[in-house]
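S.K.: Residue numbers (our numbering), protein chains in the order written: chain A, -13 to 213; chain B, 32 to 323; chain C, 177 to 473.
For the record, the hints were derived by calculation from the structure and aren't laboratory data.
Where hints are given, some of them may not hold.
As the list claims (entries may be wrong) - Under the rule of at most 25 angstroms between Cα atoms (straight-line distance), these lysine-lysine pairs were calculated in the DSS-like manner:
| # | chain 1 | residue 1 | chain 2 | residue 2 |
| --- | --- | --- | --- | --- |
| 1 | C | 426 | C | 409 |
| 2 | C | 334 | C | 236 |
| 3 | C | 215 | B | 81 |
| 4 | C | 317 | C | 426 |
| 5 | B | 292 | B | 223 |
| 6 | B | 81 | C | 409 |
Everything numeric in this text was worked out from a predicted model, so none of it was measured.
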Amino acid sequence: MEAVTENWDLFFRSFGYTVALFLIAAVLSMIFGTLLCALRVGPVAIMRAAATTYVTLVRNTPLVIVFAFFSFASPMFGLTFGFLDVHIGQFDFTEAFGAAVVSLTLYTSTFVCEALRSGINSVPLGQAEAARAVGLTFGGTMTQVVLPQAVRASVPPLASVQIAMLKNTSVAAAFGILEAVAQMRRFTNNFSSQRTEIFVCFALGYIVLVLLLSFAANRLERRWRVA
Amino acid sequence: MSNSVLFDAPGPRTMVRHRLYALATAVALLGLAWYVFDGFNDAGQFDFEKKWEVFTTPDYIRALLVDGLFKTLQMAFGAILGAVAFGVVFGIAKMSDHWWIRWPATVIVEFFRAVPVLLLMVFAWFTLGIKEDSSSFWAVVIALTLYNGAVLAEVLRAGINAVPKGQGEAAYAVGMRKTQVMSNILLPQGVKIMLPSLVSQCIVALKDTALGTLVLAPGLTKVGTQIYLEFNNRVPTMFVVATLYISVNMLLMLLANWLQKRYVGEKKLKVAHVGGGFATGAGGAGGAGGNV
Amino acid sequence: MRLRKAFAATAVSLIAATGLVACGDAGDDGDDGVKVEAKDDCDGKFEEGSRMAELSEAGKINVGHKDDQPGLGFEGATDDRPSGFDIEVAKLLIADLCIDPESDGVNWEVTISDNREPFLEQGKVDLVLASYSITEDRRLKVGQAGPYLVTGQQLLVKADSDVESIDDLKGQEVCSVTGSTSIDRIDEKGAKGVGFDSYSECVAKVLDGTVEGMSTDGTILAGFAAENEGQLKVVGDTFSEENIGVGYSKAEPEMCEWINDVLTASFSDGSWAEAFDITLGPSGVETPEPPALDPCA
């Protein structure tokens, strides 16, 4: 137990990275996922095809491989995140962090897109027809009428997607970020005699985060419930 | 909602605009593809002798397919079989009329949905006693069974809720008992509705087997690692391994879509997210669960 | 298993189909280890009831090794047996028990940092030779004899870099393996350790310039420097001392004296130096003097 109790600062800092990764990738994946979704239901055939292909390919690739792509393959054609060099307090957000955020964002946005699409499907047909009838364009129909309702209907699946993403941040452990699982592996390497206690502490950390997130989602869901 | 409702049949000016968009997209995509290809080419990633020959060497192809893909499939399907059993037991337990069955079942299901699979794998590995020979194989299977089983329990509950109410009521009316209603009326129909979700869960399990390398489990990722450590061809190996994963997953996706059309139609399952069961006990509006 | 056979058959026919076009021939078949002959003097060599006597009697032994560190302990996708310096030392120990190191009596088990102690405690392996640094915390749970190799942590940077030692990299990112001892040493030196899954991944990160350097045992770095000659170089003095030892179960303390005896013999008859020469030598590391062994408790 001492491994963790005497190193609370390291413990909390590692979960700090987990939370930072999660928050940034959550916001970005929502934005990018919405964009993808718009392309998928939009009028231009080639955009639809491109978005559909992208979603199908990335959704079916293990996240580890997406991470590996941005850590090892993309630098070969000049795409690195070396420009990123932000230091806040004890936290450093540099190249590896950028790569991890991009990997998580691109992977998660495909699931956001699917969740939103199912939300759009649940918006009654008449809503879009009415919007069209009063003369709104595709953009107008989407942003003013369909998406606001679709987003509400998609809160539960979106929450599932983001909760899964929170757990998926653990993959970043193998790609240069000292988040919770990486810190856990450091502890277990240095204090191999206290392995079980260390596991339990970190598992509890994740459970607390997941419950917080799902509590927030429930509040949102109740407030926004579509009649 | 069909797409055509979101926008009018395009007029001549819109057609021109759409063509312009299409052209711009095509140019951008081709440019991106060329940029990526050129970058890899400059970095020597298309050098057949050094980087790719291994993938045409029979011994290594066999390693990839038999020690890699086959083991991965074994773990994924073993896990799904277990997960179905776990899901049925706990899914039904969660709907029990007795609180002393319902509550523990709910806590267990929510616990396994909340912990990262990677942690579950490591836990399983140590509790199994790593003395057994194929313990890392089984650790992966057990961890994925617990996680996917917990998800499936929730899917099953949603599937049974999706069976029209009249079915159960009619069954009670003709004098069936609770167990009979569940096993003869609700379960068969609920299972049919949840089949597509079950297949999507297979995709999740298959992708998650990749995490098994961290507990020394065999499989595609493991073989891939051995290959790029030996031949220093990280990028080509990544493409080959990704292609294998994607091919199998796409087949599963096609199967899921077919099952959806064949058995379910347009109906969507209402699956609550983790913890949703605690506070409200109710799922939300329609939508696919988080098959992430 | 029928399914497995069917799958293998499909795989083979698939290979035949594609293979006819262009059959690659990657990898080398040569077994590059030293041929170590099993001894035959085991009658009465070990004290009755000791673990060594049991192992020798049974003709079977389980050895834990690493499979992802070329030069020390590595096993390719198509290899039957691992190779590297750890493995060569293990073969000397196995041969001393009158077991043929090449035979099926030897079971090679892959270990990682997470499972070395539990493996020993639960008796899944009898010996661990897996670049296993001797530390106080580990000695609480298992026995560690040796060291058979003393290495120090060094720094690997790009060939055109101005960096001369780890001290020039204070506050900057230096790569190593997640959860390894090396990464803690990097932090202690004031640089920031970033962890990846294997050393070759760190090499890629140094080559593409996203991290300034990487740090771990000098022997490992020398191998990468030789592999990428003109692009990478090893700089600075060693700034830590790692004593690589042989792990054994605490329940069998008699193993310690035996391991030390075998190691001492190998130091004097040149088999230790030969093992070093053929495994780590090709990457340009001079064969060092054999290390001083810790006394058994």
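S.K.: State the violated hints by number, sorted upward, taking the hints as numbered earlier in the document.
M.R.: 1, 2 and 3
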